[in-house]
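What follows is each chain in one-letter form.
There are 4 protein chains.
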Amino acid sequence: MIRTVEQYLESLRDGRVIYCLGEKVKDVTAHPILRRNVKEGAMDWVVTNDPQRRDLFVTKNETGEEVHFTWTMPKTVDDLLHRRRVHLEGCRYGGSGLHAMGADAIAAARILADKQDKKLGTHYTERMESYIKYIQRDDLGLNLAMTDVKGDRSVHPSKQIQHQDFFVRVVDRQKDGIVVRGAKYHISMTTSANEMIVMPSRNHAEADKDYAVYFATPLNAKGITLICTEPEIRSLYKEETAWDYPDCAMTGPYFGEAMVVFDDVFVPWERVFMCGEWQFTRDAAYLFSAYHRLFAATRMIISLEDLTGLAALMAEYNGLEKYSHVRDKLAWLVQLTESVKALSEAACKSPEQEPDSDIIFPNKMLINIAKSMYAENFHEATKHAQDICGGIVVDPPTYKDWANPELKPYLDKYLAGKAGVPTEHRLRAIRLLKDVTGWQHGAHEIHGEGSLAAQKMMIYTAADFERYKAGAKRTAGIPGWEKDPYFGSVPDDEPLLESKMPPVDTTYKI
Amino acid sequence: MIRTVEQYLESLRDGRVIYCLGEKVKDVTAHPILRRNVKEGAMDWVVTNDPQRRDLFVTKNETGEEVHFTWTMPKTVDDLLHRRRVHLEGCRYGGSGLHAMGADAIAAARILADKQDKKLGTHYTERMESYIKYIQRDDLGLNLAMTDVKGDRSVHPSKQIQHQDFFVRVVDRQKDGIVVRGAKYHISMTTSANEMIVMPSRNHAEADKDYAVYFATPLNAKGITLICTEPEIRSLYKEETAWDYPDCAMTGPYFGEAMVVFDDVFVPWERVFMCGEWQFTRDAAYLFSAYHRLFAATRMIISLEDLTGLAALMAEYNGLEKYSHVRDKLAWLVQLTESVKALSEAACKSPEQEPDSDIIFPNKMLINIAKSMYAENFHEATKHAQDICGGIVVDPPTYKDWANPELKPYLDKYLAGKAGVPTEHRLRAIRLLKDVTGWQHGAHEIHGEGSLAAQKMMIYTAADFERYKAGAKRTAGIPGWEKDPYFGSVPDDEPLLESKMPPVDTTYKI
Amino acid sequence: MIRTVEQYLESLRDGRVIYCLGEKVKDVTAHPILRRNVKEGAMDWVVTNDPQRRDLFVTKNETGEEVHFTWTMPKTVDDLLHRRRVHLEGCRYGGSGLHAMGADAIAAARILADKQDKKLGTHYTERMESYIKYIQRDDLGLNLAMTDVKGDRSVHPSKQIQHQDFFVRVVDRQKDGIVVRGAKYHISMTTSANEMIVMPSRNHAEADKDYAVYFATPLNAKGITLICTEPEIRSLYKEETAWDYPDCAMTGPYFGEAMVVFDDVFVPWERVFMCGEWQFTRDAAYLFSAYHRLFAATRMIISLEDLTGLAALMAEYNGLEKYSHVRDKLAWLVQLTESVKALSEAACKSPEQEPDSDIIFPNKMLINIAKSMYAENFHEATKHAQDICGGIVVDPPTYKDWANPELKPYLDKYLAGKAGVPTEHRLRAIRLLKDVTGWQHGAHEIHGEGSLAAQKMMIYTAADFERYKAGAKRTAGIPGWEKDPYFGSVPDDEPLLESKMPPVDTTYKI
Amino acid sequence: MIRTVEQYLESLRDGRVIYCLGEKVKDVTAHPILRRNVKEGAMDWVVTNDPQRRDLFVTKNETGEEVHFTWTMPKTVDDLLHRRRVHLEGCRYGGSGLHAMGADAIAAARILADKQDKKLGTHYTERMESYIKYIQRDDLGLNLAMTDVKGDRSVHPSKQIQHQDFFVRVVDRQKDGIVVRGAKYHISMTTSANEMIVMPSRNHAEADKDYAVYFATPLNAKGITLICTEPEIRSLYKEETAWDYPDCAMTGPYFGEAMVVFDDVFVPWERVFMCGEWQFTRDAAYLFSAYHRLFAATRMIISLEDLTGLAALMAEYNGLEKYSHVRDKLAWLVQLTESVKALSEAACKSPEQEPDSDIIFPNKMLINIAKSMYAENFHEATKHAQDICGGIVVDPPTYKDWANPELKPYLDKYLAGKAGVPTEHRLRAIRLLKDVTGWQHGAHEIHGEGSLAAQKMMIYTAADFERYKAGAKRTAGIPGWEKDPYFGSVPDDEPLLESKMPPVDTTYKI
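Chains as they are written, first to last, in the working numbering: chain A, 1 to 510; chain B, 1 to 510; chain C, 1 to 510; chain D, 1 to 510.
Errors might be hidden in some of the hints.
Claimed, not checked - Derived CB-CB ranges, DEER-like:
#	chain 1	residue 1	chain 2	residue 2	range
1	C	223	A	479	43 to 51 Å
2	A	158	B	349	56 to 64 Å
3	D	73	B	350	20 to 28 Å
4	C	420	A	207	28 to 36 Å
5	D	505	A	206	49 to 57 Å
Derived by calculation from the structure, the hints in this document are not laboratory data. Positions of the beta carbon are idealized from the N, C-alpha and C atoms, including for glycine.
This is chain A alone, in the form it adopts within the complex (with noise of 0.2 Å):
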């Protein structure tokens, strides 16, 4: 089934106990922070209910049933890529939320609930497939609690001191069902999903076996309580900041993030898909990384694209574009957007199963390689991007300054850059920046008391290169050096040496 954007919206009214600021939420999707996270939801049956993206997004089963596409488990080369073009297409229209982490959970419990069967005769693959067809009959949306709060990371679960409940566990296992009892912490898409698959989030040794737990959860499930992440920006909700925070105006509190307590919550057998088997933990973290990091690693070409369309613009726009150093650190944002581009296809194109199933993933080692070469730069990425911006991307005026007509006219004869470019354009791409690469603190410390490009060009000027290069003159043997003040007056004791040396001895054999 593929439900209306309206049945989406009726869903999230469950009852679910949440919080936000410190306060209890009535409804989510009127609740003037995280209504912004729920269209993030909501975004996915828009674009599941338009005929002219029915195709990428909405699949059939084998019952022939229409489902999204990434309720199907990928069997081939074409399924990765499809399901990589569901990610970097549901992002760019704003959402993709339920259908990723949720989805990358499934599919590698999947994977395992087959493993587990093999190995220890358990009978995990007919719950799972039988979870999965539920999930596609009601068009869920569904997210996924893997972090645990962890305390002492030095410290193996059971053995810490406060408490034992540092990382989910089971705490009583009943006829129907097991009770868990922890904390999962930066759940992603909490406020918008219908459920939430809950993992282990790390391998556990057997004497923490009660940590090795996986199942699936309703959000409105007695004992779970919602904590809300603060948004990037407080009063974001309001008119009044129009296009001061484009990017985070998008997305809800950092995409609905939230931690998510379980106070003695039950859950039924039917939705329990690992419970004890310990020795199956660390496959659990491979298997829904190798799928995750493909879905992060398609996120991404999103945010560097952006990052790179933009500097390529304040290059433009302050009329910078034919300075070699601004052109260096463009080639050095495409050279990092191109290659995640290029590991996450390759990674697609790659891919790796488990013996005896017909399953695939994404190729281990180039996803994780396209996700870190990302983060390990993504610093350097913005600090580039704010050198090229100048300054202004600490302190660009806001909408309501612009609105303000009395300020208005000063703003735009003054932040103008080069002729032709309206000052509202580059005032967008401004803030945009200021948006994504960061924060003011950040981009003040590049840029504070003189730019970095101001302190290099101080170090130019300020160097004695003839000196230097008298050094390496003398050194290397070419005239030049002598009227130098400081070289010219150190002594050439080299020949007065030699002759006070033996002759060589020119019998050995070298």
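On the provided structure of chain A, position chains B, C and D as indicated by the hints.
Below, chains B, C and D without anything else, positioned relative to chain A:
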């Protein structure tokens, strides 16, 4: 004279035209956002009026009058080191801004006056002396306007297409003074200064001599409009954000940054220190920046000490202190911190001066290196600190979450780190780290979809080191590669070929 | 035709004028230094004559004749991937040079011929087809001369002051052919090639159209003088250096690099593929480099695999495998290795082609990124490998030391690493690492006077982390800094100041 | 006493057992390779005997005797700065090695003697005083042996599997002295020193107390075998290499590096400065390295000045001085050079000392940072210098090529750079750059198959910046993306979705 805090505060109610978020400001000292910057300014009078700190901040001028130390010209290494200490302690107390860039511009102008008079027979030295006495007598707070709005960066000021006001210039020379027009950007401490020094932001050629203008003006002069930058977080002035943004909450909207518009402002001749002497614009920039990079590199020490301290604290709170890669990162942070510290001190110990001048300034090379080292590495430094902190630096709970009695027990229990560390302490450290290193976006890019360390580990694990080693062994002639599926099958044709080659001709003189 | 090894060797005794270390060379195949490069060339005939490898290296042309695969034009992705595999395997066998740059220049010239003919009505296509048939029929080995000696880099070829021959140019156009003059630098495989393709090294403007010249010539043509580069180590050809320089010993004086002087050399029209068509010089560079970067990025895979393998081997031999900072470095090396591998493959999978042409070439963006990623990071890679190896990479014993029965017991005993690893194996790995990562000077700069790790540890130990932490605590509002000697004494004036400030005016619309 | 050069040279003919390239050495002063290192040593006596430089290098001890300055203990900042100048000038004259590491080890041992005596009641101070007087009186040249061969790095000395001699240790305590066994590696100036100080290379625990041994020994002591490292280029001693390797030709096989084997060597008690006091091994390392990093960071100044000078020279010779990316690289090199210089000076100006000791040593933190900054960045520095130099750094012609009258005209004509620069000067600069930055392999990896700059330019050119810009414009709300083939087709569903959302609930307290 040394004014009281009250006198200083009263002096800001002078009718200046100032806007914040598009709204006209009635009284800066009471404005919810700008008063934070006023407090930064006022702190300079708190310290000078404290008997225990008077020795550091207050000195006597030639006529025996008590004056702020920065209004005296440095003539010895000790003077420069004292100036550095005034900046350092002033910044630690949360002040110093009104005796930094303005004082730096005055020292530069004073040296410049001498140079101009000697070369051109002008009488600037007299004017400067008189202006300095006035500042000392009235104990004013000064800031400095240097950066012009610039327009197209590849075009000279008088050749800009839209208009010729992208750099501040003299539009009229009258009997009693001059009339200036233009706009300066990201001018710090504008909200809280009494007067402002205005100077050229680049070296100008003769064709642009109207842009060679250096002067002082009160901030309430007719024709000046101040457009303040937005606050980092719009509701920071509210109690409810208590420990959410400890760094931002201390400074005004980034150091009182503003755009300053000069709409045909009159400046009397006694406050004009350069007017058309384009030959000296290059010197103006060099001299000012030598002093001002010292302030920068001093303020940055505090920034780096905090950052390194926070990273060390989080390593401790998270239980990560023993890991060698964490130690590597901490050592790197220490190296950066202590280098900037040592280089800024070294710049004072190897000062420079103009011929025939007894006023000294920090070593241009060293002080620029100090600042450049900071700015080039700051983004990398934040990456390391965020890496050690963990993903929670993206989305820590807010004070409002903590203040809610229903949520606090959950947060207290689950967000604990190493045993013995109160959760509130850990959260406060994380909030400060978030505040100084970044914005959610940037930190998220490191941690989203799995930490950097997670990818590194995956790459390490996915690597077929046996195969890499086999290849290396084969090349190095070490046995052990023969059974490698690939390298074992690469044939060794060398011997076969050697037998076909003619023997070596040993008659060459090699 | 596929020649025998003997036929190939014989073909090099063709009277070419060649110098090595200032001495004229009589027979390259017997020259103590140059014969190493001859062996590199000859290896291409060893592999093509080996029945087991013929499928990879030999194909059939349109007329059913057996020819080396690289003499055919790639028209499908599989062709490009096959070409990549030919390069990869050829390099592993220590050959491939005579079917690399020359083959790349031919493919580029073939596409270019078509472009020129269509645009200008020339008849280059016919000539190219005929030249390719000749190469295929006689089974020649080709190299390529591109880089000119350049003179002053900021001056155009025809505007150079000393003379106009810094770039190869046409000095005469005759009935049967042209006469060329100039010199090309660091031309690989010169010693062992049969013919050489010569092409422009930059895009030329109309004023420089005599420099737009692209042709083929035998290396024994009248007027050509070849000046070979020096060997890496002068006595490498002697037995006594056995395992001292395993990498250098395999290749000739760096890949047969030479300076090629054209002292008015005649080239018949049938071997001229461009002569004055300056408009196409840019395309020439782009097309050639698209193919040739593929060869580069393939050869580099082997270089990186060896380097990563050696680093992993040394980590094992030294007993360092468990340390997290060593694992970090190994993961970094793997990331670089596998990225170059994946990007060069991706470049083949997303090929480009000119309009109306059926010949494809590697994706320009991706293949340049592959090579740039390698070149930008190679120095850093050697640093990491040297760091893991330890200081002995600077000064390992030589084979002559090892061969001396008085010294061997000492070396064997003392230079052992982890138990179970023969000392000789460790020494061989170190010798190879020294050979491929560097030179004594560079490695010495890392290890001399104490390793990098030693300084890091000293910095870590010398750091007063308690003081850093105290500062951070104070700023974050965490107790525990009060007893710090410094921070405990920094007063908190904030409350005092707050009491002097007017209350917040809450009427603003913020 | 200050010996003559002749006395020094004679003193080396003392029967020491020394091997070079596997051959036993009869007289080091006449050995074709090792005499270069002897000359390095002898230079110390050339300078001390030169009346004009005596003031710097020679001082008087308490008894009025003339002694080399480094044999006195530093007690003031001026002493440390003087010591730094002695190192600096000594290195510039090509000497200083016999008054560097040995002198550093003596100063460290002297402080340590005091500490040990106070804590344990030993009598080392007396012995040290007496040993220092002996050195002063006989005017000996000393070196230092610290680094052990180590074996498995993860195993303690006495737990090593193969044998327990991987670290030098006491194997017998006799009435008159001790017997030591083991081997030290890469010990500088071994060829040319009179005596050697031997000290522990790491801190040892009580179980390893036999390894806590610190002593002096003449180099001809029975049981000592010296195995010299190979020369950088084997035929360097021949005339025919004239200007080929100006740097290598000045120093011996890398600074006289050798492996020193102790085959049960007897050391009399008067030369034993630690024997079993394992508690002080950590201090030994810290104290020695504080002094020795000062020598390192001084020697490195010269290395960096040469490198920066060469890069600036090549920028000039190649006509590249005006390009902004070349200026960026030069500024980076200057920054590194001047930072190391300033930090090493700062370390002298903020010295440290042990409680109750009047001997000072360089600031541990700063001097380690100085050296670490160099070692961490040296590879990057060589990359920049090689990039500016161009590919010819890989394969410049040799002196033998230049000396051949048939080749010289070609080389002179074609390898010229900017007009006015003799070709020979350019070649000498390139030869020196090759010599100090590297080896052919590494430089080749940057330049082979096209320079770094070439790839950057290709990436820049291949980039579809219009598309990147269109994406950025769309996100920023700037018109101009509507006609982009891709972004123009991405629909804007936002308005549609907004109409389906419930209105904002404005009752929240946000």
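Against the structure, the hints come out as follows:
no., hint, verdict
1, 223/C with 479/A: 43 to 51 Å, "violated, 35 Å"
2, 158/A with 349/B: 56 to 64 Å, "holds, 57 Å"
3, 73/D with 350/B: 20 to 28 Å, "holds, 27 Å"
4, 420/C with 207/A: 28 to 36 Å, "holds, 32 Å"
5, 505/D with 206/A: 49 to 57 Å, "holds, 50 Å"
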